[in-house]
Amino acid sequence: MDKFDLPLADIICDGGMMNIFRSIGCIGDSLSSGEFEYDNQGEKGYWDCYEYSWGKQIERITGIEMTNFSRGGLTAFQLYTEADAGTSPVEDINSLFSPSHVKQAYIIALGVNDLKGKDVLKKIYNGEVGNAKTDIDPEDYNGNRNTFAGWYAKIIQRLQSIQPDAKFFLVTMPKEDGSEKDFVQVINGIAEELKNCFVIDLYSYAPAFDADFRKKYFCGHMNAMGYLLTAHFFMTYIDWIIRHHPEDFKYVQFIGSDYKPYME
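Per the working numbering, residue 216 is the first one in the sequence shown, and the count goes up by one each step.
It should be emphasised that the hints constitute simulated quantities derived from the structure, not laboratory data. Glycine residues also receive a C-beta, built at the ideal position from the N, C-alpha and C atoms.
Calculated lysine to any residue pairs in the SDA-like style (CA-CA distance at most 25 Å, straight line):
no., residue 1, residue 2
1, 410, 464
2, 337, 358
3, 410, 354
4, 348, 373
5, 331, 304
6, 331, 262
7, 430, 260
8, 396, 352
9, 271, 314
10, 348, 418
11, 271, 235
12, 331, 435
13, 430, 254
14, 331, 416
15, 337, 359
16, 396, 411
17, 331, 361
18, 475, 313
19, 410, 230
20, 410, 468
21, 410, 357
22, 396, 288
Pair ranges (Cβ atoms, derived):
no., residue 1, residue 2, range
23, 479, 391, 43 to 53 Å
24, 234, 361, 31 to 41 Å
25, 394, 259, 22 to 32 Å
26, 458, 334, 39 to 49 Å
27, 439, 476, 40 to 50 Å
28, 257, 474, 50 to 60 Å
29, 256, 348, 44 to 54 Å
30, 354, 264, 36 to 46 Å
31, 440, 410, 30 to 40 Å
32, 439, 257, 16 to 26 Å
The task is simple: from the sequences and hints, build the whole structure.
The structure is reproduced here in structure tokens:
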């Protein structure tokens, strides 16, 4: 894919061409659910405040229906297995793979817990981040390998089996401690292997999550300003992708309808 024009921090966007979508699913962990840390009788508590999530911020700015399939602490493996079994404490996650809840597009922001959670990579994926070329079974997603790449791709493939024309925007982690490079490679690899996938490359174009950024936009997890800023990052990047690749989005209006474009 072409390189983004400007650093995301230099641009504020109201959605632009992203407004061609009327329904989008937000798939992720605490940085997607709008999670805040709070004082729970002297202990640290975690509050998924969806009203402050970047998805809900985008909904208010653009009017696009945004459904949040996220909760704090999720990994790709946990999200898939909860949605598959219908055992999530978040009802929207239980409907992720329901044909009646399919969306025109999805923004997927998973991976922080998979790669940076204590011993998570080792316990769930046998220590393997994985590789898109070797870990994805293009014929049957149930054949994907037990790696982060395999489970992340399985979410997309399952949704594509329900709605083949849906668009997927895969979010990389921004720069922080240098461990994100492997993740960025996996996300780009998945986008190359699966159709209708585009990368929102926060690693290359968003501000680094350094001490100065965290001082402004975090309070344990992101604060309200941080989630709103992230919403603008995503709107800006998706607008840019659509404007630079209009051929991939010319039939968005038919996704999820009973109609097909008339081809002369």
